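Enquirer: What follows is the residue order along each chain.
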Amino acid sequence: MLTVDGAVVRFGSRDALDGVDLEVAPGETVVVLGPSGSGKSTLLRAIAGLEPLASGQVGWNGIDVGAVPAHERQFGLMFQDYALFPHRDVRGNVEFGLRMAGLDAGTRAKRVDEVLTLVGLDGYADRRVATLSGGEQQRVALARAIAPSPRLLMLDEPLGALDRVLRERLLDELRELLATAGLPALYVTHDHDEAFALADRVVVMRAGRVVQAGPPDVVWRAPADEWVAAFLGFGPAIDAPVHAGRAVTPWGDVPAPESFAGATTVRIVLRPGAVVLDPLARATGIIHRRTFGGDHVALAVQVGDAPLVVVRAPTTNAPAVGAAVAVAVDPDGVLVYGP
Amino acid sequence: MDQHRAALNGAALNRSRLWRLVCLLVPLAFLGLFFAYPVASIIGRGLGERGHLDPSPVLDVVRDSRLRSIAWFTTWQAFVSTVCTFVVAWPLTYVVARSAIPGRRWLRAFVIVPFVMPTVVVAIAFLALLQPDGPLGFLGWERGVAPILLAHVFFNVAVVVRTVGTFWEHLDPRTVDAARVLGASRLRAFVTTTLPLLAPAIAAAASIVFLFTFTSFGVVLLLGGAQRATLEVEIYRQTARLLDLRTAAGLALAQMVAIVVLLAVTARLQERRATTQRLVTATDGVRRPRGSAQWVAVLAAVAGTGVFLGAPLVVLVVRSFSAGGHFTLAHYRALASTGDNGLLFVPAWQAVRNSLVYALEATAIAVVVGGLAAVAIAARPGRASRAVDVFIMLPLGTSAVTVGFGFLIALDRGPLDLRTSVLLVPIAHAIVAIPFVVRAMVPVLRSIDPRLREAARVLGASPARVWREIDLPVVLRAVGVAAGFAAAVSLGEFGATVFIARPDTLTIPVAIYRLLGRPGGANFGQAMALSTLLMAVTALVVLLMEGVRPSRATEF
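Protein chains in written order, with numbering that gives the first Met the number 0: chain A, 0 to 338; chain B, 0 to 555.
Hints were generated in silico from the structure; no laboratory data involved. Since the structure is predicted, the reported quantities are computational estimates derived from the model, not experimental observations. Even glycine gets a Cβ: it sits at the ideal position worked out from N, Cα and C. Errors might be hidden in some of the hints.
Said to hold, decoys possible - Pair by pair, the computed Cβ-Cβ distance ranges are:
hint : chain 1 : residue 1 : chain 2 : residue 2 : range
1    : B       : ARG385    : A       : GLY292    : 40 to 46 Å
2    : A       : GLY213    : B       : ARG385    : 47 to 53 Å
3    : B       : LEU196    : A       : PRO338    : 52 to 58 Å
4    : A       : ALA160    : B       : LEU543    : 47 to 53 Å
5    : B       : VAL180    : A       : ASP125    : 41 to 47 Å
Claimed, not checked - Okay, the calculated bits of chain B under chain A, using three or more residues with CB under 8 Å as the criterion:
hint : stretch
6    : 65-76
7    : 361-368
As the list claims (entries may be wrong) - Here are some of the chain B residues that sit facing chain A, going by a computed Cβ distance under 8 Å:
hint : residue
8    : ARG287
9    : LEU458
10   : GLY459
11   : SER461
12   : ARG464
Full structure from sequences and hints, please.
Expert: So, in structure tokens, the structure goes:
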């Protein structure tokens, strides 16, 4: 089990990691989610032993590994853009860790074939890495990382450079592979769809700190603060006055949670789909823009001088641009934060 | 336990710092002693005598009408050579950059052949071509300005083709497409789009060619005849014939100032010219010629340049094997003799042996000293390493004649009296070769992605193992390339060696020059045979070097 306690990494005067706590339980997949520059990669490098800690500690099964150099930690790391060895073929890359472990040639060859089969690259052993496609390189990098059977597998934006179709396919494969290998994994990404698809637990990072950690559904249902909500793609956010226990918004009233009963204003954030067309509602807006979305039409609706909200409508009989529509707000779609 | 480890880490850190210091100090000391000190001696001699400031030797370059005309000739022949080089090289540059014809890469490798040939060999080759009994003897261009210009163009075609052509090849062809779509004619698109984008490469190539021809020595000494001299040649004449070291020092100093000004101006121009642009992979921009007219033009460009670059060398080889129109090995057999009237004091074979030994020694020195410098420069990018880089490059801009002349006047007394040392010539060669070694190694060392080292570490490789698995394979190839450069430079080195070689430390180029010094068919035959040998050895070295050259990341 991996434990990180109060990890601090400094680049000059800047704190790239500013007191990060983290745990990865046996067999668990933890996804670190955050925008670029939030310190995700630095966290992986610090755990791997490639970046010295200014303070705090990294432990494995309760033992501090701070003094153990990177090459003795037995933590696998799959690099962003893979960092394959260009002067070695696929076999040479995959068996590198096995050679460092001092395994004999027969054992190495067997293990290389095994992991290449696992990642779906049978028969690629003698190919030069420069001749591989992006997806194939990604698989070689994965095979290289898991071949020496590391105690922990870390993956740094492993799908970052690939196109969407390939990403989705590899994401499914990766999930299956992590489940069958039973390997504890720490996965870094800036893409929340990727994070929710893979994670047993999501850790959201911002500016070198952990701002929220929890199961994907909890993080999705209750982002810790407005910043996390915005990073997950929620919005717009507005200030809403509170009258008689209800928050008043341009799109209709919602009940304020009891914890904010005494407040005069609250901050509310709308989830996608929180505002709906409702012929009986009192709030009316003008359709500003209309976007065909396949199985629905997305209408950007302006109510008064409030920010535009997107309302989904069925493709049949969707109102035209400029039309006035009545809208209501679904209380389940509203996140309420303190002022 | 932890403390013990920390102490170990501390020791390792100190050791690596010590190692870096050694990497820096060895080359700095070597260059300080064998480059900066001789150059300082020249400056001292040029600016005064016995402690009195008297810059008259430098001022004479402007005041004395003969020296003034030499300075003027040096400048205008360099300018004309540069223009002619561009005119001759341009068609092939276009073909190499933009035409998808079979063997395009091979063509680019071929143009480098003249560039790496020793100057003396090229001079002899043009003499073999232009002498009254040579194939182009009827032109009457044996000595004078014409053969100088021809030889300069011959040398520098490679500079334009490789510098401009490689850059052009990587220019995004869609910028021209965009100009065409916006209504520019083919010519207009070239002038308004391609040419400005190529400007940095053109400026770089032009400044290199100008510098090379401005400091041209062997070609002018051998082909210029008694009338024509560049500053370099005049420095040699003042030293070797007239024994006037003060005038020579003045000339050397004046030339150094001119070169510094030239380099400063071009660096300034290039800085202003540099535009950031998207470069594409080489194959994206090439197009197959369309229609017979285009094919004819492309083939004519290739054939014309091929004949120009090939003919002199072919004629040289053929004539070295013939006398009176018949095949003979007589010229080669004569190498066992000392030339007509004992011109060389030792058999020419001795010069071959010397050249090979010096090449090995100079290569060893240059690779060790230059390699250490390259490791230090590549390890820590920053202002200090850039300063070291510039200092190490200075010999490249200083001209071999200056190095040789500096050795002559500086290393002749006290503890540094190396006049009779067998290492004097190899050290001079190493000084000339070190910039090439550094330029060959630094980009290769820098090209190692630090993440590869990290990847190896997390896969269980100890620091020493990381060096062996990741750095060493790349470094070995870089050392191979650097050694090739150094050996080729040493084999062909003439400007410095001619000042310091003694009769028993003769090298092939100096022997060739001595043989040419006296008229006589037998001497010229020997000179051609020696040149052919030197050409073959140099070509072999360069071929070996191209064989180990890493595919990416070199600065030539």
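Enquirer: All the hints need checking, so say for each whether the structure fits it.
Expert: Do the hints match the structure? See the list:
Under the hint 40 to 46 Å, the C-beta atoms of B/ARG385 and A/GLY292, about 55 Å apart, miss the expected range. Between A/GLY213 and B/ARG385 the beta carbons are some 50 Å apart, a value that agrees with the proposed interval 47 to 53 Å. For the pair B/LEU196 and A/PRO338, the beta carbons lie near 57 Å from each other, so the given range of 52 to 58 Å is met. At roughly 38 Å, the beta carbons of A/ALA160 and B/LEU543 sit outside the given window of 47 to 53 Å.
For the pair B/VAL180 and A/ASP125, the beta carbons lie near 46 Å from each other, so the given range of 41 to 47 Å is met. With 0 residues carrying a beta carbon less than 8 Å from a beta carbon of chain A, the stretch 65-76 of chain B misses the three-residue requirement, and the given coverage is violated. Coverage of the stretch 361-368 of chain B by chain A is violated. Counting CB-CB distances below 8 Å, 0 residues qualify, and the rule asks for three or more. Given hint, B/ARG287 at the interface with chain A, is violated; its Cβ is 25 Å from that chain's nearest Cβ, farther than 8 Å.
Annotation: B/LEU458 was flagged as interfacial toward chain A, and the flag holds, the nearest CB pair being 4 Å apart, inside 8 Å. Because the smallest distance between the Cβ of B/GLY459 and any Cβ of chain A comes to about 3 Å, under 8 Å, the interface hint for this residue holds. For B/SER461, the suggested interface contact is upheld, since its CB lies about 5 Å from the closest CB of chain A, less than 8 Å. Proximity of B/ARG464 to chain A holds as hinted, the smallest CB-CB distance being about 7 Å (cut-off 8 Å).
Hint violations for this structure: numbers 1, 4, 6, 7 and 8, all remaining hints satisfied.
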